[in-house]
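Chemist: Listed below are the residues making up each chain.
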Amino acid sequence: MLTQKIAVHRLNSAERKSLSLRMYPLQAQLFTGVEYDTFRQYVVDSTAWPTWIYLQHSEQGELVGYLALHTFRRVIGGKRRQIFRMETGKLPSYRGKDLVVLRAMGRMLLQSLSAVRYESFFFAAMVYPASYAMAAKYAPRLWPSRRQPTPPEQEALLFELAASFQLKPVRADRPLVRQVGWITREPGKKVAWNSTINPHAVYFTEANPTFDQGHGLLTLVPASVAAICRAVIRFLYGRGQRLLRTS
Amino acid sequence: MLCFENPAGCILLHPTFVQVIWARGERQDEHVMELMNQLLEVGKQHHLDRLLVDQEIMQSCSIEVEVWFKYDWLTRARQQFDFGAAAILSGRSLLVRLATTGFLRHLLGWTGTFQIRVFSAGEQQQAIEWLSQPSPRA
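Protein chains in written order, with the numbering used here: chain U, 45 to 291; chain E, 3 to 140.
Heads up, none of these hints are tricks.
The list that follows gives simulated cross-link-like pairs (lysine-lysine, BS3-like), each with its CA atoms no further than 30 Å apart: (1) U:K49 with E:K72; (2) U:K212 with E:K46; (3) U:K61 with E:K72; (4) U:K123 with U:K212; (5) U:K181 with U:K134; (6) U:K234 with U:K134; (7) E:K72 with U:K212; (8) E:K72 with E:K46; (9) U:K234 with U:K181; (10) U:K141 with U:K181; (11) U:K181 with U:K123; (12) U:K61 with E:K46; (13) U:K123 with E:K72.
Calculated Cβ distances over 12 Å to all of chain E for the following chain U residues: (14) K49; (15) L135; (16) V145; (17) R151; (18) G225; (19) N238; (20) P266.
Treat the hints as calculated values from the structure; they're not laboratory data. Model, not experiment: these values are computed from the prediction. Glycine included, each C-beta is placed from N, C-alpha and C at the ideal position.
My request is simple: use the sequences and hints to build the entire structure.
Modeler: Here it is in structure tokens:
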């Protein structure tokens, strides 16, 4: 698989439109519930500074996946915060075969190093169990988590970030579940998540049982330099173990 | 022509550019943000992609406005005015002007199509002449 890195914050309107048109057919294959204009505004015309997009191509040159990484800097709760947000998707037959997430983590590391006055976090409204499970597996700390209850300070920050990014609640009794609209297309039979093999994914489906209606689970991960380095080590160790098992 | 006014200042529409004039005294964050957002709206409505901005805002604003201006407003402005130009009236010190240019170039990119030039506070006429050129080059 070949990966192309694009600095979206350096593109002009015509170039951003061309990129959106190139990416949208893949987006429509991966997700439902996202119209072209919404996709463009959310992913390519994001007001983040900066936005990097990694396009993944097959050996035949077909676009098979993408990862968009946005960095927002805002004052939230009276403090300077640097917030990383990400959208990613890949055709099923190409999943788990590349290290593009590692490149995104490297980019986050550089951004955290260049923003010493900001407290950095990765923030998402996760819409698919596997995405949450991956973050829970490799991040040293993450909220909410099956391992421990969310401390009040982190919970308050989750709500402030949701308000800042205009993620509206779905139900009063599930305040961490928000309306996103992205619904992951699952090829074939619906996946039955196993609590022994993937307890994080099962926790996600319990916390956000309506994810298949485009609802996302607010998720917060500290993204300091030390936290990113630890996540990179855990990721490389995990991938190394997988390689040993399959060889 | 005056096209918007609030307690933070006003927006003047010129034939080829839009200008912000800040009011004297204390300014509230929401008024500053409203004025700057309105500046983008005025530019869009009148198909004007040239701005004259007095950097005085950056010397007296809160952290909230500073971060919002650098990382939200400026991104939206660049997206809207990607073939435009902005003249910034900065302090009289060369070092201040160099720092302002460096920071804006860092955010907007050295190779972008948006042209930006920093002038000394007393050089408003030169800034207007530069903005009025058919294709201002930084």
